[in-house]
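*Asks:* Protein chains in written order, with the numbering used here: chain A, 1 to 120; chain B, 1001 to 1112.
These aren't lab readings, by the way, just hints derived from the structure by calculation. Hints may contain errors.
[Stated by the list, open to error] Heads up, simulated BS3-like pairs for lysine-lysine below, C-alpha to C-alpha not over 25 Å straight-line:
1. B/Lys1045 / B/Lys1109
2. A/Lys43 / B/Lys1109
3. B/Lys1024 / B/Lys1109
4. A/Lys43 / B/Lys1045
5. B/Lys1024 / A/Lys43
6. B/Lys1045 / B/Lys1024
Just so you know, these numbers come straight off a predicted model, no measurement behind them.
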Amino acid sequence: QVQLVESGGGVVQPGQSLRLSCAASGFTFRSFGMHWVRQAPDKGLEWVAVIWYDGSNIFYAESVEGRFTISRDNSKNTLYLYMTHLRAEDTATYYCARAGGDGDYWASDWGQGTLVTVSS
Amino acid sequence: DIVMTQSPDSLAVSLGERATINCKSSQSVLFTSTNEHHLAWYQHKVGRPPRLLIYGASTRGSGVPDRFSGSGSGTEFTLTISSLQAEDVAVYYCQQYHNTRHTFGPGTKLEI
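So that you can see chain B by itself, here it is in the shape it has in the complex (with noise of 0.2 Å):
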């Protein structure tokens, strides 16, 4: 199965401020045929099912407020939220659905 790892496991930041949380993959999660990475984001409230961020490590999923980006290639990938908002406190997960065994990364806390 393909590990993935994330950094930091929670991050504080100030509102307005950026945040960026890493996940990196245990082998390369591209796609060769159409050259896109199979590497998902998600935010997950307390309460509230998950929510899909990003997908293809870069498409925002609809209705994504755009100052949620993903980057990245390979295996190492970064989601970016530009300027934090209240709303945005959250468990943030990675999920590569490049091998038949789907598998997140283990979270990272993301707290104001």
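In isolation and in its complexed conformation, chain A is listed as follows (with noise of 0.2 Å):
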């Protein structure tokens, strides 16, 4: 069955750098676009990035557009997030999701998210 782990939450102060990882399984991973979603304490889910099942199209939200860079090694069958500048408003529990084809569509499978928490 799919499997989904992300790894790499933590806290960090405003201003650093963090790198999330997602190690995928269970599915032929180089096949399939994939997402990064949030969810910050109390609000609803955000969207964050896609990226398509070659790395050939990546699109962001505006509001991490030029701070996070979604990316993806098909050889090791793990997807990632670059997150610099972070502010306290990207405190949030992210998760990784599988799209439901080669590119930018919906997120039919999840992981159980990793939190991370940007505070001084």
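Reassemble the complex: the two chains are provided individually, in unrelated frames, and hints are given to aid placement.
*Replies:* Okay, structure coming up:
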């Protein structure tokens, strides 16, 4: 079955950087687009970024564009989110999710999430 | 960006009764090449990851019970739970994936 396991969350100070990883298994990783979605405490879901199956197309939410970078290593079945210039409002649980196809489709399967806290 | 709105903000329904949640997009999410609406619904329970319920406005995801159904077109969409079960308590979100910047609605909290 599809398994997505996020890691790399933790507590960082404002302005610092952090890299999240998402290890995928149970499906042909290189054939699917992948998303990052986050949920701030007591807030709703916020879509963050998507990367196509081959990395050829990448799109970001306006709130993170220029600060966050989504990438993937299809040889390692792993998705990444490199976050820089972190702000308090980036505090959230970050979920990786498999897209419903090779591009930026709906999010069909989700990981358990990893918590990022930005605080001084 | 396409702005998604939902109504109501919260909803209380008796067990076995019908629950209806509405979603509106600020512009059409119809992909004319396939005549498919790029609209999904998710269920999010406390302490769990979100779960896909519906994509393409009306197609149930894998393993989703048939009491969940999606409908609508253009800019107005509906998620219906035909006979509410206790395990359906959750927050429900609509999402458009028509624009390159996908956006979620604010969520509807469903209670018994």
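*Asks:* Take the hints in turn and mark each one as holding or not.
*Replies:* Right, here's what the structure says about each hint:
1. B/Lys1045 / B/Lys1109: Judged against 25 Å, a Cα distance of about 10 Å means the pair holds.
2. A/Lys43 / B/Lys1109: holds (12 Å)
3. B/Lys1024 / B/Lys1109: holds (17 Å)
4. A/Lys43 / B/Lys1045: holds (13 Å)
5. B/Lys1024 / A/Lys43: Distance of about 19 Å is within 25 Å: holds.
6. B/Lys1045 / B/Lys1024: holds (22 Å)
In summary, this structure violates none of the numbered hints.
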